Amino acid sequence: MTIERKNKRKLKIATASLAGCFGCHMSFLDMDEHLAGLLEQVEFDRSPFTDIKRIGSCDIGLIEGGVCNAENVHVLREFRANCAVLVAVGACAINGGVPALRNYFDLKDCLEEAYLTGTGITNPQIPNDRELPLLLDKVYPISEVVPIDYFLPGCPPSAAAFLQLLEPLLTGQKPAISKSHLHYD
Amino acid sequence: MMATIRIDNQEIPFTPGQTIMDAALAAGVYIPHLCHYPGLTPNGNCRLCMVETGNHSVAACITPAVAGQEIRNNTPELNAARTAITQMLFVEGNHICPSCEKTGNCKLQAMAYHLGMLDDHFPQFYQRRELDASHPDILLDRSRCILCDLCVRASREVDNKNVFAIAGRGTNAHLIVNSPSGKLTDSAIAATDLAATVCPVGAVMIKEQGYQVPIGQRIYDCRTIRETGLQEHIDNKNDN
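Note that the protein sequences, when read in sequence, are chains Z and V.
Mapping of the first sequence onto numbering that gives the first Met the number 0: position 148 corresponds to residue 147, and the numbering continues sequentially without gaps.
Mapping of the second sequence onto numbering that gives the first Met the number 0: position 55 corresponds to residue 54, and the numbering continues sequentially without gaps.
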């Protein structure tokens, strides 16, 4: 992050983890000393890094995880409505990833095995508190719910891949992930 | 003087009977391919090796080289078509790389890296396909099968066993096992067979060695499919 941005407003970045494991967020933090340079140019809006709950108008949105429940759909639509550029970060956001392994089974069967009929279950009951977001029939890639501008593959994408994404975006350029940084695992 | 074809304006010699793919690989020119493995009879089913000659497209692995042929291979249009084919192969099966022990050694994944594929583009099928874990040494997970037919040919041509076949058509096409029960354990396959190791994806795998090489140090973590694709060859002991 060497580009001087004196007298310019800081760009706003929002991040969210939907049906993910926060591994992509951890990998983002792996940028280590580059984070200092990054923070001279950007500020974080809604994100697990800030604990801001409501997204405001943002330049860049980074979405980790696929869409597995009604709350994910709500958050994703809010991000799309508020972010000029929305990026699918990591395997789960791009194709559903490991959570999408449940897509090969009926949701009902998954719930019954997890909460009723599986081994070692005491007090069997399927959770139905109204505070819990309703599960979708399948785990969806985020691009099947809202239009996505860029994709950053990886499980998780490396810190170097995050830099390759962000450096051009901060200067208004299109990011291009080099093939040497392209990994799906 | 040896007859030649031209691929992307490069003069390539060939001997009669060679396909465009044979001539290209012999000259160190990479044409992307998944269902082709030099030494096995070419099958032409994955369509990644589509090249253009004149005003039509042909699969390089099954098209004989003809003297004077002008061939376009490494063009943005053809690579875009190859990317779309690769994306279709991804969405059709269960290719969740982070949970697959073939990751890093998988040619479908390596092809996607080679083509710079960033997303699947098409909606996922999420088809559930039958898993066969019956054999003590070999796992067959049809959900990752790309129907390349390599195990079918390897079993017939090299192992002399005829263990596999493709049954059904279109989206119903699937890999079947030639045994009374339809299970791998009742077939003649052995872990040392080419059919057990030639699978480009994680459909036919040897058990109990999945993580002997850590992720990050595997074949396509270190080399590209272009590099390995130029070096592969099976010496078929049955050829004389």
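Everything labelled a hint here was simulated from the structure, so no lab data went into it.
Small disclaimer: the values here were computed from a predicted structure and weren't measured.
Just to be clear, a hint being listed does not mean it is correct.
Reference listing, derived: stretches of chain V covered by chain Z, where coverage requires no fewer than 3 residues with Cβ under 8 Å from a Cβ of chain Z [as the list claims (entries may be wrong)]:
#1 4-14
#2 100-114
A few chain Z residues that face chain V, going by a derived Cβ cut-off under 7 Å, partial list only [what the hints assert, rightly or not]:
#3 F21
#4 L169
#5 Y183
A few chain Z positions that, by computed beta-carbon distances, are all more than 10 Å from chain V [to be verified]:
#6 K9
#7 L10
#8 S56
#9 V74
#10 A83
#11 I93
#12 V97
#13 N102
#14 Q124
#15 K137
#16 S142
#17 Y149
#18 E166
#19 I176
#20 D184
Backbone N, C-alpha and C fix where the C-beta goes; we use that ideal spot for every residue, glycine too.
Taking the hints in turn, this is what the structure says about them:
1. 4-14: Check failed, 0 qualifying residues.
2. 100-114: That given contact holds, which follows from 6 residues of the segment 100-114 of chain V lying within Cβ reach (below 8 Å) of chain Z.
3. F21: 14 Å, violated
4. L169: This hint is violated: Z/L169 lies away from chain V, its Cβ roughly 20 Å from the closest one there, beyond 7 Å.
5. Y183: 4 Å, holds
6. K9: 28 Å, holds
7. L10: Per Cβ check, Z/L10 is outside 10 Å of chain V; nearest 22 Å; holds.
8. S56: Consistent with the label, Z/S56 stays out of reach of chain V, its closest Cβ about 26 Å off (over 10 Å).
9. V74: Check passes; 20 Å lies beyond 10 Å.
10. A83: 19 Å, holds
11. I93: 5 Å, violated
12. V97: Incorrect as stated: the minimum Cβ-Cβ distance to chain V is 5 Å, not above 10 Å.
13. N102: 4 Å, violated
14. Q124: Consistent with the label, Z/Q124 stays out of reach of chain V, its closest Cβ about 27 Å off (over 10 Å).
15. K137: 7 Å, violated
16. S142: 7 Å, violated
17. Y149: The claim breaks: Z/Y149 does not keep its Cβ more than 10 Å from every Cβ of chain V (closest is about 8 Å).
18. E166: 17 Å, holds
19. I176: 7 Å, violated
20. D184: 4 Å, violated
Hint compliance for this structure: hints 1, 3, 4, 11, 12, 13, 15, 16, 17, 19, 20 are broken, all remaining hints hold.
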